[in-house]
Amino acid sequence: NAGVMQNPRHLVRRRGQEARLRCSPMKGHSHVYWYRQLPEEGLKFMVYLQKENIIDESGMPKERFSAEFPKEGPSILRIQQVVRGDSAAYFCASSPLSDNEQFFGPGTRLTVL
Amino acid sequence: ELKVEQNPLFLSMQEGKNYTIYCNYSTTSDRLYWYRQDPGKSLESLFVLLSNGAVKQEGRLMASLDTKARLSTLHITAAVHDLSATYFCAVAPNTGTASKLTFGTGTRLQVTL
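Protein sequence lines, in the order shown, are assigned to chains B and X. So for the first sequence, the numbering used here puts the first residue at 1; every next one is plus one. So for the second sequence, the numbering used here puts the first residue at 1001; every next one is plus one.
Just chain B, with the same shape it has in the complex (with noise of 0.2 Å):
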């Protein structure tokens, strides 16, 4: 049973660009989280989904940041107009239930130039 991937690993962008970061839970997840980690500090949650339904994301930043996950397919979290500021690791972790403890992907780090 493969665990959580996250494509890209690294992921290089210049300010302004668009930067998209994805996410395969494991199998039999349906429920997926995206943290971001900034450099020395520990992960803000941003966003919890099940398939097509965004069931909280009260730590998404409310401008450029997006996040969906379809009935096919990955999840996705989109940052439009990157800013140097979001440069940061971005992990996605998934469950199998809502309350049940969640298993982290290998994280995508972004820099911004």
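I should point out that these hints are in silico values taken from the structure, not numbers from a laboratory. Worth double-checking, as some hints may not be accurate.
List time: in silico DSS-like cross-link candidates among lysine-lysine, alpha-carbon distance up to 27 Å [as the list claims (entries may be wrong)]:
1) K1003(X) <-> K44(B)
2) K1100(X) <-> K44(B)
3) K1100(X) <-> K71(B)
4) K62(B) <-> K27(B)
5) K44(B) <-> K1056(X)
6) K1041(X) <-> K1068(X)
7) K1041(X) <-> K44(B)
8) K1041(X) <-> K27(B)
9) K1003(X) <-> K62(B)
10) K1056(X) <-> K51(B)
11) K71(B) <-> K51(B)
Which chain B residues stay away from chain X? Per the calculated CB distances, all over 10 Å, these [said to hold, decoys possible]:
12) L11
13) L43
14) P106
Glycine included, each C-beta is placed from N, C-alpha and C at the ideal position.
Keeping the supplied structure of chain B fixed, place chain X upon it in accordance with the hints.
Okay, now just chain X, sitting in the frame of chain B:
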């Protein structure tokens, strides 16, 4: 808003010594997780604590949870170099979105020879 505090933030200890990392949180919770993170890597699940008084041990690490005191501890016995990493606790709230983990700031452990 749930707040999670860890201390110490940085811990340098000699091999063979014992030490405890503390995790305090601000609101009612019955679910607490401990993770390990190596530099540039993802989070590895160490312990899942689901009730007051829960105690779990794996090798040289032992974790406990006191929900009344809103405190969890991670005790390291006879440290070895391989334990050098950053350790995070994460708390899931009893109310609101059950899956929304709030992470502590992390404790960076360095075990010296």
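Restraint check for K1100(X) with K71(B), where alpha carbons must lie at most 27 Å apart: holds (22 Å)
Are the Cα positions of K1100(X) and K44(B) separated by 27 Å at most? holds (10 Å)
Has the given pair, K1041(X) with K27(B), been kept, meaning a C-alpha gap of at most 27 Å? holds (22 Å)
Taking the shortest Cβ-to-Cβ distance between L43(B) and chain X, state whether it exceeds 10 Å. violated (5 Å)
Taking C-beta pairs only, is L11(B) more than 10 Å away from all of chain X? About 15 Å separates L11(B) from the closest Cβ of chain X, which puts it past 10 Å; holds.
Pair hint K1041(X) and K1068(X), alpha-carbon separation not exceeding 27 Å: violated (33 Å)
Is the Cβ of P106(B) farther than 10 Å from every Cβ of chain X? violated (5 Å)
Please work out if K1041(X) and K44(B) have their alpha carbons no farther apart than 27 Å. The given pair, whose Cα atoms are some 16 Å apart, holds under the 27 Å limit.
Are the Cα atoms of K1003(X) and K44(B) separated by 27 Å or less? Since the Cα atoms of K1003(X) and K44(B) sit roughly 11 Å apart, the hinted pair holds (cutoff 27 Å).
Do the alpha carbons of K1056(X) and K51(B) lie within 27 Å of each other, as the hint requires? violated (34 Å)
With a cut-off of 27 Å on the C-alpha distance, tell me whether K44(B) and K1056(X) pass. Holds, at about 26 Å.
Need the status of pair K62(B), K27(B): alpha-carbon distance at most 27 Å? Violated: K62(B) and K27(B) sit about 31 Å apart, past 27 Å.
The structure does not agree with the numbered hints 4, 6, 10, 13 and 14 stated previously, though it agrees with the rest.
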